[in-house]
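K.L.:
Chains as they are written, first to last, in my numbering: chain D, 1 to 310; chain C, 1001 to 1360.
There could be a bad hint or two in this list.
As the list claims (entries may be wrong) - DSSO-like, lysine-lysine: derived pairs with alpha carbons at most 30 Å apart:
{"hint": "1", "chain 1": "D", "residue 1": "292", "chain 2": "C", "residue 2": "1243"}
{"hint": "2", "chain 1": "D", "residue 1": "292", "chain 2": "C", "residue 2": "1171"}
{"hint": "3", "chain 1": "C", "residue 1": "1142", "chain 2": "C", "residue 2": "1243"}
{"hint": "4", "chain 1": "D", "residue 1": "110", "chain 2": "C", "residue 2": "1045"}
{"hint": "5", "chain 1": "D", "residue 1": "292", "chain 2": "C", "residue 2": "1142"}
{"hint": "6", "chain 1": "C", "residue 1": "1171", "chain 2": "D", "residue 2": "256"}
{"hint": "7", "chain 1": "C", "residue 1": "1142", "chain 2": "C", "residue 2": "1045"}
{"hint": "8", "chain 1": "D", "residue 1": "110", "chain 2": "D", "residue 2": "256"}
The hints are simulated quantities; they were obtained by calculation from the structure and are not laboratory data.
For reference, the chains in residue letters:
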Amino acid sequence: MNEASLVGLLFATVSFGALLYLAALGELVAEKAGVLNLGVEGMMAVGAVTAFIAGVEFQNPWLALIIAMLSSALLASVHGFFTVGLGAEQVVSGLSLTILGLGLAAYLGKDYVGLPPGAELVPVEWGPLSEWPWVGPVLFSQAPVVYLALILGITVSLILSRTRLGLALRAAGESASSTDSAGHSVLGLRLSAVAAGGALAGASGAYLTLSITPQWAEGLTAGRGWIAVALVIFGAWRPGRVGWGALLFGGTLALKTRLQTFGVDFSPIILSMLPYILTLLILLIISIQARKRPSPAPAALGLAYRREER
Amino acid sequence: MRRPRLSLREQPLPGGQPLAFGIGLAIALFVGILLLLGAGHDPVKIYSRMFEASLGDPNAWSITLNRAIPLGLAGLAVAVAGSMGLWNIGAEGQIMAGAIAAAWVARVGGDWPGFILILMMLIGAVGGGAILAIGPAVARSKLGVNEIITTLMLNEVAIRLVQWLIHGPWKDPDSFNFPLAPMLPDQARLPTLFSRAHFGLLIAAAVIVVASVAVRYTAWGYELRIAGSSEATARYSGISLPKKILTVLVLSGAIAGLAGGIELTGTADRLTETISNGFGFAGIIVAALALMRPSGVAVVAVLFGAVQIGGQSIQTLGVSSSVSTILQAFVLFGAIGAGVLSRYAITFDSESHLTAEAKS
């Protein structure tokens, strides 16, 4: 293994990490407000395809990113309408959303398969920082979305822990009836959280088609939405821990395609099981600890709220 | 301001779930018309083709029924767990675990007589599905770990296990280096009933009937449903919840595993990555549309199978398979919405009490 390939591995770890982080952060926001959204995979796919289409049509990566975020937020709002508005079962609605999103992405993108990208997010130049050995090529020559992910992670963390809005949002996920009594709109909080979560999943999908693999093909998201769902649990619903988890899981994605170049005789398929198995282990540890201290999961996660039934 | 709000109906609307499914289907067909027109197709031609290919003649019925087998068994697996208020999201993985186990039996017993081989394959499949469910079952019953997430994670593990097997240890040496598992021995194929329908239909029907009776009419099923409606009541009446959770989740996995075994010996000719082509996820939807009642999954599975087979058939007319995927999603959302509205009415408050008080 030489320096170049190691730098390549670390670079890919950070970029895949950012990809997973964006989607997981969105899921975290929705779950913090009490809504489990198993539609991440579908929202990512819609974000990826709309970003690609917008890139081809308008040749502006930033516009493409915004369109992708809005599209996925709109899709997420379908889940919001059914689960928050009507109080339908979150698991069923979320899985249906994945089916809808994957179907819509394939339908919208069928004329764009194999086309060259119209717009790409070019890596940010940090001047001398980018020249720095090791650190420069790994951290300071990434696409702007990577830094956006970091900024969004810190922002979400601060909003959740330091602001009244964050407090209300978390309260909606812990005890909807007391949030309602305190004069906050549970409906409004949860709907916004789900839509915001969708926008972040859309940004993650857009990062795929605007930078990581700048092309569109059906099945491009390749199950990464499920890793994002896992990450939220892995990170115990904390933005910071989810970020470290995203780097770890991003590392397994990066390593998967590179095992052979490193001359390691280990099946990349087995390696790709790792995020899920690690999440299962963490879930077990959390549960064993939960006997002594409260579980980090939002207490009202998955529960519909109807005022008259409280 | 007049604000819409949901209020519980005193009586659910008559027709309830069948009506909901019908409304879902109607919405889906309408959206389908728009999608087809948008892609420049003739909706009438496409829809008549869908109907002919799925329910038009005995041959079409046989294909639809073959699809209904994994959908129905996966739906049953979810519904059995659902009767107790548990979510088995892992049917997809359990189907694959069942298929892996059955394929393994076929490797070991390649020269056994057909009847014994198939029987052992199906027993293996039941075991395979159960094994994948044991972890989540124990974690839920002993530690209270949410089974939704554990079963979901194991889906991803199981699909990769299948991929690993057919790319590695089980790769057919005669496959010219394609990642393909070897073909099953000829005697490992389930006999046919009529047209293309195979014997698995009877097995699936029998399992669904037995499970429905067990949940509906036995003491065991009664306890299950009590535990599903109120944990406190169950505990008070001396039902051992941990034991019940454990058996029900493992049973659920075993049923899904059987679906994988039947799919392998009945429809597929070898273990492939798509041995469970989303059947486990579709099973969740089948069970939800059947209101988690084991007795309802058979009908829903046949209808849903018809939607899927009809959707596949129009690909030959140049319609993208994504249209059928979107149609399925709209059936689901339509049915989810109609299901809620059969139990709740939308009423308009002229002004809520709180704001009225605040203003006075």
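K.L.:
Now, for every hint given, state plainly whether the structure supports it.
P.N.:
A quick look at each hint next to the structure:
The suggested pairing of residue 292 of chain D with residue 1243 of chain C holds, with an alpha-carbon distance near 23 Å, which does not exceed 30 Å. Taken as a hint, the residue 292 of chain D and residue 1171 of chain C pair is broken in the structure, with Cα atoms around 48 Å apart against an allowance of 30 Å. A threshold of 30 Å between alpha carbons decides the hint, and for residue 1142 of chain C with residue 1243 of chain C the separation of about 9 Å falls inside it, so the pair holds. Proximity of residue 110 of chain D to residue 1045 of chain C is assessed by CA-CA distance (about 22 Å); at most 30 Å being required, the pair is judged to hold.
Between residue 292 of chain D and residue 1142 of chain C, the direct Cα distance comes to roughly 15 Å. Compliance with the 30 Å bound is thereby established for this hinted pair. Using a Cα cut-off of 30 Å, the hinted pair residue 1171 of chain C and residue 256 of chain D holds, with the two alpha carbons roughly 20 Å apart. Under the criterion of a C-alpha separation no larger than 30 Å, the hint pairing residue 1142 of chain C with residue 1045 of chain C is inconsistent with the structure, at around 56 Å. With a C-alpha separation of about 28 Å, the suggested pairing of residue 110 of chain D with residue 256 of chain D holds against the 30 Å cut-off.
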